[in-house]
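K.L.:
Chains as they are written, first to last, in our numbering: chain Z, 1 to 341; chain H, 342 to 662; chain D, 663 to 974.
Certain hints may be false.
[As the list claims (entries may be wrong)] Taking lysine-lysine and the DSS-like style, the derived pairs with C-alpha atoms no more than 27 Å apart in a straight line are:
1. Lys468(H) <-> Lys707(D)
2. Lys395(H) <-> Lys430(H)
3. Lys889(D) <-> Lys465(H)
4. Lys707(D) <-> Lys421(H)
5. Lys462(H) <-> Lys707(D)
6. Lys357(H) <-> Lys713(D)
7. Lys429(H) <-> Lys889(D)
8. Lys192(Z) <-> Lys707(D)
9. Lys479(H) <-> Lys889(D)
10. Lys889(D) <-> Lys430(H)
11. Lys889(D) <-> Lys466(H)
12. Lys707(D) <-> Lys395(H)
13. Lys713(D) <-> Lys192(Z)
14. Lys421(H) <-> Lys713(D)
[What the hints assert, rightly or not] A short, non-exhaustive set of chain D residues, derived as facing chain Z with CB atoms under 10 Å:
15. Tyr791
16. Ile910
17. Val934
18. Phe951
Quick caveat, the hints were computed from the structure, so don't treat them as lab data.
Cβ atoms here follow ideal geometry from the backbone N, Cα and C, with glycine treated the same way.
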Amino acid sequence: MINFWNRLKRANRPACVSLVLLLLLYLAALLADFIAPYPYDSQFREYSLCPPTRIHFFDRDGRFHWRPFVYRIAIVNPALKEYQEDFSTRYEIMFFPSGGRRLFGVAPEGKIFLFGTDLHGRDVFSRVLHGARISLSIGLIGVSISFFLGLLIGGISGYIGGRLDTVLMRLVEIIMTFPGFYLLLALRAAFKPNISSLQLYLLIVVIMSLIGWASLARVIRGMVLSLKEEEFVMASRALGLSSFRIITRHILPNTFSYTITALTLSIPGYILGESTLSLLGLGIQEPYPSWGNMLSICVGNLRILTGAPWMLIPGGCIFLTVICFNFLGDGLRDVLDPKNW
Amino acid sequence: MLNVKNLKVSFYHQGKIPVNILSEVEFDIQSGESLALVGESGCGKTLTALSIVKLLPRHARIDRGEINLLGDNLVNLAEKDMLNIRGKKIGMIFQEPSSYLNPVYSIGNQIAEAIRAPLTKKEKKEKVFQALTEVGLKPMHYWQFPHQLSGGMQQRSLIAMALINQPALLIADEPTTSLDVTTAIQIMTLIQTLQEKHRLALLLITHDIALACHFGDRLAVMYAGQIVEIGPAKKIFSSPLHPYTENLIGCLPEKYQPKQTISAIPGSVPDFRRLPSGCSYHPRCRYRLPVCTCSQPPVFRRDDIKVRCFRYGKTLGTEKS
Amino acid sequence: MQFIPLLLGMTLLSFLIIHLAPGDYFTQLKMNPQISPETIAAMEKNFGLDKPVMVQYFYWLKNILTLNLGESFAYHVPNAFLIRQRLLNTISLSVFSITLTWLVAIPLGIYAAQKNGRWQETLLSSLAYVGISLPSFFLAMLLVFFAARTLVLPVGGTTSIFWKQASLWQKFIDYLHHLLLPGLALTLAGTGSLYRLMKNNFLEALGSPYILTAHAKGLPRFVVLYKHALRNAINPMITIFGYELSSILSGAALVEIITNWPGMGRLILDAVLSQDLYLVMASLLIGGFLLVAGNLIADILLVIADPRIRLK
Numbered sequence: 001m002i003n004f005w006n007r008l009k010r011a012n013r014p015a016c017v018s019l020v021l022l023l024l025l026y027l028a029a030l031l032a033d034f035i036a037p038y039p040y041d042s043q044f045r046e047y048s049l050c051p052p053t054r055i056h057f058f059d060r061d062g063r064f065h066w067r068p069f070v071y072r073i074a075i076v077n078p079a080l081k082e083y084q085e086d087f088s089t090r091y092e093i094m095f096f097p098s099g100g101r102r103l104f105g106v107a108p109e110g111k112i113f114l115f116g117t118d119l120h121g122r123d124v125f126s127r128v129l130h131g132a133r134i135s136l137s138i139g140l141i142g143v144s145i146s147f148f149l150g151l152l153i154g155g156i157s158g159y160i161g162g163r164l165d166t167v168l169m170r171l172v173e174i175i176m177t178f179p180g181f182y183l184l185l186a187l188r189a190a191f192k193p194n195i196s197s198l199q200l201y202l203l204i205v206v207i208m209s210l211i212g213w214a215s216l217a218r219v220i221r222g223m224v225l226s227l228k229e230e231e232f233v234m235a236s237r238a239l240g241l242s243s244f245r246i247i248t249r250h251i252l253p254n255t256f257s258y259t260i261t262a263l264t265l266s267i268p269g270y271i272l273g274e275s276t277l278s279l280l281g282l283g284i285q286e287p288y289p290s291w292g293n294m295l296s297i298c299v300g301n302l303r304i305l306t307g308a309p310w311m312l313i314p315g316g317c318i319f320l321t322v323i324c325f326n327f328l329g330d331g332l333r334d335v336l337d338p339k340n341w
Numbered sequence: 342m343l344n345v346k347n348l349k350v351s352f353y354h355q356g357k358i359p360v361n362i363l364s365e366v367e368f369d370i371q372s373g374e375s376l377a378l379v380g381e382s383g384c385g386k387t388l389t390a391l392s393i394v395k396l397l398p399r400h401a402r403i404d405r406g407e408i409n410l411l412g413d414n415l416v417n418l419a420e421k422d423m424l425n426i427r428g429k430k431i432g433m434i435f436q437e438p439s440s441y442l443n444p445v446y447s448i449g450n451q452i453a454e455a456i457r458a459p460l461t462k463k464e465k466k467e468k469v470f471q472a473l474t475e476v477g478l479k480p481m482h483y484w485q486f487p488h489q490l491s492g493g494m495q496q497r498s499l500i501a502m503a504l505i506n507q508p509a510l511l512i513a514d515e516p517t518t519s520l521d522v523t524t525a526i527q528i529m530t531l532i533q534t535l536q537e538k539h540r541l542a543l544l545l546i547t548h549d550i551a552l553a554c555h556f557g558d559r560l561a562v563m564y565a566g567q568i569v570e571i572g573p574a575k576k577i578f579s580s581p582l583h584p585y586t587e588n589l590i591g592c593l594p595e596k597y598q599p600k601q602t603i604s605a606i607p608g609s610v611p612d613f614r615r616l617p618s619g620c621s622y623h624p625r626c627r628y629r630l631p632v633c634t635c636s637q638p639p640v641f642r643r644d645d646i647k648v649r650c651f652r653y654g655k656t657l658g659t660e661k662s
Numbered sequence: 663m664q665f666i667p668l669l670l671g672m673t674l675l676s677f678l679i680i681h682l683a684p685g686d687y688f689t690q691l692k693m694n695p696q697i698s699p700e701t702i703a704a705m706e707k708n709f710g711l712d713k714p715v716m717v718q719y720f721y722w723l724k725n726i727l728t729l730n731l732g733e734s735f736a737y738h739v740p741n742a743f744l745i746r747q748r749l750l751n752t753i754s755l756s757v758f759s760i761t762l763t764w765l766v767a768i769p770l771g772i773y774a775a776q777k778n779g780r781w782q783e784t785l786l787s788s789l790a791y792v793g794i795s796l797p798s799f800f801l802a803m804l805l806v807f808f809a810a811r812t813l814v815l816p817v818g819g820t821t822s823i824f825w826k827q828a829s830l831w832q833k834f835i836d837y838l839h840h841l842l843l844p845g846l847a848l849t850l851a852g853t854g855s856l857y858r859l860m861k862n863n864f865l866e867a868l869g870s871p872y873i874l875t876a877h878a879k880g881l882p883r884f885v886v887l888y889k890h891a892l893r894n895a896i897n898p899m900i901t902i903f904g905y906e907l908s909s910i911l912s913g914a915a916l917v918e919i920i921t922n923w924p925g926m927g928r929l930i931l932d933a934v935l936s937q938d939l940y941l942v943m944a945s946l947l948i949g950g951f952l953l954v955a956g957n958l959i960a961d962i963l964l965v966i967a968d969p970r971i972r973l974k
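Just chain Z, with the same shape it has in the complex (with noise of 0.2 Å):
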């Protein structure tokens, strides 16, 4: 197990800084309440759409402050939006304020907006932490489900063949005929507009899973008919063990080292299959965050766009997700390859 940590840190360094990255975000994810300053629903109607607040160490006569603080807020024109730091009035950033309960915050007179707020004035910062949850989850639990199904399905069509082959298989090629995007949204259309916010997390990752199996199926099904005709499942055969056992104790192992690597690379497409039902308004709703739908709101409306751009960060966590996750996926592949070892 050690060996195998550092055979991926030696040959891939990219993999293991992507591997830290996403241990980060996902402690980030699970420590949201404490991390975050705000509440992802509390609302500061005055301050909508208001830039990220900047932190500094250095006040306008250059002295410098062990504490960083931030400015006031003064609102200039709540019509048009526009903000202005105040330099007459500093509030101080306090660690484990109100009893060590939030990690960091101000005076409950000031406000900080590190990423900005969004149009009801809620902290971006707060909401990307909660979104996070929701987001990283969703990932590995499709995954999860599909994963277990396609080893399931593919192992069980390779191995018995025949008949049952033929009708898993073509099911699989009509599954993957459609394109996946038309997919997603006519199975979420088959489903009423307006359920509960806990039916439609699990409806999602019920939907993507459903889409999901397919291709993993269809691979392992192949890795299953050369693996059958492998010596060691005839001896398998010859000692008596059931069908059922030869392929999950046996055959679904080796098939392993390309299940994992296909694993994590396909842990975007269900994060990006998430954030693209939000997006579009068919995923989670509000209030809840999702890195999704807190896009929505860009979409079509180019003033909002242009004029609040740190509404964006939200993508941008997306990206970063997404890249870490391809990069350790394919650490892993170059590790876990048995050319290479």
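On the provided structure of chain Z, position chains H and D as indicated by the hints.
P.N.:
For chains H and D alone, kept in the frame of chain Z given last:
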């Protein structure tokens, strides 16, 4: 006609110490003569062939030496001048003909593109038909693709390709290794016929010493990047001088009675990065002398055979060359 | 031919997706004030709404074959009419971006393969990596952002204000002008992976034995590269192209929505948002057919290009 003198080739991998592969390689071939270069896999035979046409892999370089072809030293020749040598004065064929033919073009197309004379398309086609007939193929094969031909037929097309401009020298790198025995004999006979007909010089590279002695006029034995014995093939075959040659011939099944144990050479071919001190062969040699472990043997001459072995250093009728 | 069962299966799946939805939406349909009683009567006749599900499927199938895809609840026009309008736009966007992607990625891939290991290749490959990881909708948003800020390209729609008075040639140029933004977004999103593929394929082709034969024949370097290596490097790309089509169509749909390009993607989204269910089904089916058609073209191209397959 071809004269190789004191050739030294090394590998220069980035960030590592250069590894010397070929050293002091020397041989020559006259027109109409065939020299068989024999040795185990990895001893540097193919590298020698590639050095002659200067198609070395990226990290290999000719350190020193001369390669004289019809008077010109190829080592000093610029790349654009080499284009006049390859395909025109030197033709090459390789092992595994199926991999060495481009799968997406017909063999007629591939042979025709080798033609260097400024002919019209129709004339080129005629010439290809002639070449096909000469190697034992039919004109209809012109339009066929490599995967439609058998291994023997593919090799014949490659021979046609190599000889279409009537080069002075043909280099054949293991041409029959991947073919079955019957086809191999057919191909070798074809090469021999063509060689006699066109007065070709032939450099035949193989690891099969029996084949080498049968089809070669002269024999050169290579070990660890050096030529250890070179001379008339029949003579070496009947009485090999170098211990390695002796062992190679000793490995041939024909030399043994049925059920007699064949003696294999103990040990294995050395890694070029960790060559033994002195004579490279001494760890596996049963005539090993103390001097063999500390100094490299120079070339000694015994009648018309040159050999790199201290055993031939002191007796009568020899001179260090 | 063997894809008839595939097409049938597609019609079945698109039908099932909507009809197996939980909830009895047909009663909802009747209660929906936006839908006129005449529409419902016509639908009952054409689609057998009061009959059991399996029979309904055959009505659906029969209708598809006569190109009757139902009527849109929201627009009150035949779905086939709506789809026909949007289909052309999606096809033009896809073809434009595929052509541009190939024109950019192939030469870059060849160049990078020759400079493998040097800084030029490292730079290009890093850019490609970013391109692959960047979500297409995010890229589209960024492009819209810059276009709006710099007013270089029009954002949204296929026509400008002066459409009515323009000549045919001007209309064509105007269309292309509007196509640029979504086309560019889609191209940038797809170039990265195609570049990487081309580079790897070319490197592999360059390492093949027949390249040595070509050199040994004394062929000049550019002939070896462009006649021998390239031909072999491109063939696997054509196969991959078939597989990539699905993501190209999905990407196109998303980009259409972000950049306000009126295509099939926009159509299916609007249909889903307005619960216009027969339109959803029809859009899904046409999307699928588009993919099948594309795959067919890719198969034909492969047969032309690779003699090994042609002469099996």
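K.L.:
Compare the structure with the hints numbered earlier in the document and write down the numbers of the violated ones, lowest to highest.
P.N.:
Hints 1, 4, 5, 6, 12 and 14 are the ones this structure does not satisfy, whereas the remaining hints hold.
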